[in-house]
Structures are given as C-alpha cells and as structure tokens.
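**Q** Whenever a hint applies, use it, and build me the whole structure from the sequences.
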Amino acid sequence: MTSGAEPLLSVRDLVQEFVVRDYGGVKGGVVNAVSGVSFDVWPGETLGIVGETGSGKSTLARSVLQAPRPKSGAVVFRGADLVTLRGSSLLQARRHLQMVFQDPFGSLDPKWKVRDLVAEPLIAYRVGDRAARRRRVEAVLELVGLDPAGHGGRRPRELSGGQAQRVAIARALAIEPAMIICDEPVSSLDVLIQAQVLNLFEQLRAELRLSYLFIAHDLALVKQVSDRVAVMYLGKLCEVGPGEAVYRQPLHPYTRALLDSVPGAATARPAAIRGEPPSPVHPPSGCRFRTRCPRAEQRCADEEPAMRELATGHSVACHFPLVPVAEVTVRSEERIGETPR
Amino acid sequence: MNRVSTASGPLLEVENLRVSFPGRRSELRAVNGMSYSLYPQRTLAIVGESGSGKTVSCRALMGLLSQAAVVTGSARFRGVELLGLTDDEMRRHRGTNIAMVFQDPSRSLNPTMKVGNQIAEAVRVHQRVSKAEAGQQAIELLRLVHIPVPGRRFHEYPHQLSGGMRQRVMIAIALACRPKLLIADEATTALDVTTQAQIMDLLLELQAELGMTLMLISHDLGLARSCADEVIVMYAGQIVEQASTPQLFARVRMPYTQALFEAIPRLERPSHAPLPVIGGRPPDLSALPAGCRRLPRDHPAARRTRTRPPLGVLASH
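So the sequence lines, in the order shown, correspond to chains A and B.
Numbered by this note's numbering, the letters in the first sequence go through residues 1 to 341 in order.
Numbered by this note's numbering, the letters in the second sequence go through residues 342 to 658 in order.
Hints are not guaranteed to be accurate.
To be verified - Derived list of chain A stretches under chain B, where covered just means 3 residues or more per stretch with a C-beta under 8 Å from a C-beta of chain B:
| id | segment |
| --- | --- |
| 1 | 183-192 |
| 2 | 198-205 |
| 3 | 216-224 |
| 4 | 240-248 |
| 5 | 252-259 |
It should be emphasised that the hints constitute simulated quantities derived from the structure, not laboratory data.
Every residue gets a Cβ at the ideal spot worked out from N, C-alpha and C, and that includes glycine.
**A** Printed below as a string of structure tokens:
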C-alpha cells in the first residue's frame with residue numbers, strides 16, 4: 001500500500017550495539033542487537049515485525065525512537081533525521097511518533113487517575129488550555145471504547161488488562177500522532193480481550209489514518225494487522241514482503257520454519273527447527289541463520305547475503321531462497337491476485 | 342521404567358469436583374462441578390480463559406491449593422481417592438504418580454542451585470539412593486530431555502540457560518520419578534514459537550517413550566488441536582464442552598468455544614479482517630448469575646441460552 005509519495009518513516013542501516021561488561025568493568029564483548037536494518041513505512045500502512053526473543057525487535061523499536069540513540073544509521077521521520085536532532089527539535093519531531101508497550105500496568109503510573117494519565121502528554125507538549133485538554137481526553141477515551149465519566153476517575157489497578165491497554169493506547173493517541181510503534185501490545189491479554197484490542201487498532205487505523213510499526217512474536221497476529229511483514233532474526237531482517245505473500249510463499253528458510261512451528265494449522269505437525277539462536281555477542285559469519293538452516297552451504301558462511309527483491313515488494317536476504325527467482329515472480333503475483341484484500 | 346498398564350479402567354476419574362475460596366462477604370467459586378475420566382496414555386487438553394478454573398482444578402488434584410480452599414467431590418487415581426489425603430500421603434503420591442510442569446521455568450527453579458542438583462534433589466526425595474547415584478540419574482534425565490552435553494549443563498545455574506533449556510530442566514525434574522500422569526500447566530506459553538514446537542515435540546515423544554498420560558492446560562485452542570486426543574473447554578468453573586479433538590473441531594457446539602476459536606488470529610485469515618469478538622468480561626466468580634453462565638456476555642449466539650443448560654449438554658457430546 002504505497003499511498004504516499006514519500007515514506008512516513010524511513011530507516012536506513014540502523015545499528016545498535018551494547019557493551020557487555022565482565023568482572024571489574026572490563027569490556028567483555030558487544031551485543032549486536034540490531035545490525036544494519038533498513039525499511040520504510042508509508043502513510044496509513046502497518047508494517048509488522050516478527051521475531052523470536054532476542055532477535056532485536058524491541059531494540060529496533062527503541063532505536064527508532066532514539067531511546068537510547070542508535071550507534072549508527074538514519075531514521076527519517078516526516079522528512080527529519082531523528083538521529084541528527086537534539087533537544088527540543090528532537091522532542092518536536094518525535095511528537096507524532098508514539099509508543100504502546102506490552103505490559104500496560106508497567107507503563108502506567110499506578111497512583112495516577114486514568115484521565116491524568118491520558119492528559120500527561122498534552123501537558124508535556126503544552127497543547128491547549130485546561131478545558132481543551134479535558135475535552136481531548138474525553139474524546140480519546142471515547143475513541144478507545146472507555147467511558148470518560150466512569151473510567152476516567154479510576155486508577156490502573158481498578159482496570160482489567162484490556163481496559164488498561166486501552167488507556168495506554170488513548171495516551172498514545174492524545175497528541176494526534178501520525179504513527180504508533182506497538183511493542184507486543186496484546187501479548188499479556190487473554191484471547192477474547194486480545195481480539196477486542198486488535199479490532200480497536202484496526203478501527204483507529206481506518207478512522208485516523210494511522211500508521212503502525214507493529215512488533216510481535218506471533219506470526220498470525222502480525223499478519224492479522226499488517227499490510228507488510230518483516231521477519232527479523234538475530235538483529236537482521238531476513239525477509240520483507242506483503243503479508244499475504246510472505247505467509248503463502250515464504251522465501252527465507254527461517255520464515256518457513258517459523259510458519260511450521262505454529263500449532264493448530266493441521267493435526268499433523270511438521271518437525272520444528274533444531275537448536276536455539278546463537279548468542280548475539282558472537283553472531284555467525286555470513287548469514288546469521290546458517291547454523292540452524294537446513295539449506296546452508298559453504299557460501300553462507302563466507303558471504304553475507306544481501307537483501308534482494310525477488311517479486312514486487314517481496315525481498316529476501318538469502319543465497320538459496322526457497323523458490324527460484326524466475327518462478328517467484330509469476331507465482332507470487334498470481335497468488336496475491338487470488339486473494340484480493 | 343514402570344509402564345502404565347493399558348488396562349481398560351481410567352487412570353484418573355474426576356467426579357463433581359468443586360473448589361471454592363470462602364471470603365468475608367462472599368464465596369469465590371472457582372470450580373463448579375467438573376467431571377471427566379482420563380484413560381492411560383491419552384492426552385487431554387483443558388482450554389479456557391484466565392480465571393476459568395483450569396489451573397485451580399488441576400492444582401486441587403495435586404493438593405497444591407492453599408489451606409483456605411474448600412475442595413469437594415471426588416478424584417480417583419487408579420481407584421485411590423486423592424481428595425482428603427494427608428500431607429504425607431499426598432507427598433508420596435506427588436511425583437511418583439502425578440507430576441506438574443509450570444508456566445514460568447525461571448520462577449520454578451532455584452536460582453542459587455545448580456540445575457543438576459535440583460534434579461538430583463527430586464530423585465532423592467522419592468528414592469533411597471546415594472548422592473552420586475542421584476547425580477548419575479540427573480545426567481540421564483538431562484539426556485532424556487535432549488539437553489546437549491548433559492555432563493556440563495549439570496553444573497550450570499538456571500540463569501546460564503535459555504528459556505527453552507530451563508523448561509527442559511523442569512520437565513526433567515517432573516520426570517525424575519517416572520510419573521504416570523504429567524500435567525503441563527501452560528508449559529509452553531512463555532516460550533517462542535520455535536521453542537514451543539520443540540518442547541511440545543519433546544513432551545509427546547516422552548509420552549510415547551515412557552507410556553505417560555498427559556494433561557495439557559492451555560489457553561491456546563490451536564495447541565490443543567495439534568497435540569491432544571481429547572479437549573475440555575472450561576468457562577467460569579464449568580466444563581462447557583468436552584469431546585475428542587477431531588469431533589470438537591469438526592463441529593463446535595457451544596457458542597463460547599466458537600467465540601474462543603474465532604477470536605484467535607489465524608494464518609489462513611486475510612489481513613485486516615475484523616475478528617469476531619464477544620463483549621463483556623467473564624462473570625465474577627463470587628457472584629455467579631443464575632442460569633447459564635455465559636449470559637452476561639453479549640455474543641448474539643450466546644443470547645439463545647437463557648436458562649441453565651441441562652447436564653446432558655455439559656457432560657459430553
């Protein structure tokens with residue numbers, strides 16, 4: 001869905017590293033949390049990022065927000081490179097980029113009332129006067145399906161998990177962002193409540209023309225909300241493409257393995273991939289997935305695969321993608337054609 | 342290896358199990374009359390939302406509830422009544438007959454003890470063996486749950502292991518005395534999908550190898566579908582649906598199960614299609630409404646049932 005001429009968010013070669021300290025504060029090694037990630041998010045689009053624990057997806061989200069600042073790379077949001085901005089100009093540029101976290105009870109001050117929690121970003125950005133702020137708080141609480149009179153005076157512990165997550169979403173919406181970064185926003189909720197919150201995200205997207213960077217470990221969940229999906233493994237993106245294409249015809253062996261691990265698709269379960277992800281302190285040479293990859297060859301160890309576009313908008317970083325280059329163009333187009341959104 | 346006899350009788354027979362927690366003003370009724378039979382070497386999945394009573398009902402079997410809990414009904418393990426056993430009797434029966442694996446391995450393991458010693462401890466509680474021999478058995482158990490280089494892992498602490506490895510250690514501890522029934526309480530919920538698939542494969546493989554009976558407690562209907570022989574769906578402390586897995590998924594009868602099933606995002610669904618949801622929250626277990634428990638929820642199909650469903654519907658297909 002490339003509806004705008006310019007991407008809303010454009011991330012180029014983003015690198016984030018953390019130093020591990022050994023005994024006595026000696027530098028023990030470097031965690032390569034995010035290693036050269038590039039992607040674009042267009043206005044009104046949802047980009048989903050899937051990855052396992054430790055793949056660097058949360059670090060990626062935080063690096064985009066400059067909290068903490070990435071080691072290198074560019075994060076261009078609405079034409080301004082956040083990496084080069086400082087102080088108040090960074091705050092102003094970041095105003096339209098909000099975040100919703102996994103645990104609503106951890107991100108909401110337990111002593112504050114709901115209406116004060118939602119009003120806080122308005123006060124921080126000096127939006128309107130007291131009366132205008134109150135109207136705005138009531139409007140966003142209505143928008144996320146909470147009753148301003150009933151829920152507004154409660155404290156987080158008087159809310160259920162789903163309600164608390166709605167407050168966190170209302171808080172992110174209060175200053176009219178163009179984009180919301182959601183880091184596992186429904187993982188702590190029960191399935192039925194999760195469905196309600198996912199529908200809320202969809203409804204807000206349609207009503208407010210929001211963009212999302214939606215991060216989760218659950219593939220089906222990411223597909224549900226995303227236009228495009230990026231698969232992340234050990235600090236790098238392995239595959240980016242339209243949601244439908246990535247799930248119907250994965251090109252990267254890791255994406256295939258992830259899809260095969262989802263229980264419940266059929267009664268017969270295919271074998272899962274063996275082993276565990278290597279340490280990001282000592283990532284494998286060349287392709288980072290090669291140590292668990294069933295198709296790995298010598299070339300994978302010697303040479304790092306570059307991201308290449310095999311079909312329209314569907315790219316993969318693999319020397320030996322699951323479908324030959326010639327075939328993929330034809331098949332993915334006809335398959336996307338089968339199920340128009 | 343003490344293989345479970347494949348005699349025709351059920352391994353576990355639960356009848357009208359009720360658990361309530363008396364409070365100052367009202368009584369919280371967590372489990373309200375649960376009956377089922379579990380046959381040897383079968384896999385039973387108990388599915389439901391948080392607070393549906395799935396964990397409490399299993400903890401009642403293990404005698405792991407607080408003193409305040411009032412447990413009535415009957416639960417017979419190979420004919421022996423479990424409810425009302427003294428602490429000593431229960432301790433003997435735990436581990437050797439029924440063992441449990443919990444959701445969060447990092448909270449169930451002792452962070453200050455080497456994992457090998459934690460397994461050896463479980464062995465020594467139930468068997469009169471020397472420390473060295475228990476250590477040997479612990480290494481064997483680590484090998485059984487496919488931990489590479491078990492001799493070295495024996496000497497590591499829980500924080501040195503990944504989440505999947507820790508859950509394997511928990512399974513090794515549970516298997517220390519070759520239990521006949523293993524209860525996995527959301528054992529894979531905290532893990533990644535690929536790790537989750539590995540742990541489920543391990544559990545099913547061990548079940549076949551050791552002739553165990555498996556009880557999976559989960560909120561994930563997908564997991565139940567791919568691993569279990571039978572499924573029980575719980576809501577507000579009651580069994581609302583109980584059937585063999587193929588039967589249940591071929592034709593879902595209860596609106597609640599239907600809702601639970603539809604609310605899960607699935608890969609086959611197109612992106613952005615709204616998920617069918619039922620409004621409201623599960624009923625407050627200390628103030629249960631009369632009639633059908635699903636009444637407060639406003640799913641269109643759920644409105645049909647206005648009176649308490651007859652027992653025939655509750656029991657089985």
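**Q** Run every hint past the structure and note whether it holds.
**A** Hints versus structure:
1. As drawn, the segment 183-192 of chain A meets chain B at 3 residues by the rule of a beta-carbon pair under 8 Å; at three or more, the given contact holds.
2. Taking a C-beta to C-beta cut-off of 8 Å, the segment 198-205 of chain A contributes 3 residues in contact with chain B, enough for the three needed, and the coverage statement holds.
3. Evaluation of the coverage hint for the segment 216-224 of chain A: fulfilled, as 7 residues show C-beta separations to chain B shorter than 8 Å, against a requirement of three.
4. With a threshold of 8 Å between beta carbons, the proposed coverage of the segment 240-248 of chain A by chain B holds, since 3 of its residues qualify and at least three are required.
5. Here's how the segment 252-259 of chain A fares: 3 of its residues keep a CB closer than 8 Å to some CB of chain B, so the rule of at least three is met and the hint holds.
The structure agrees with every numbered hint stated previously.
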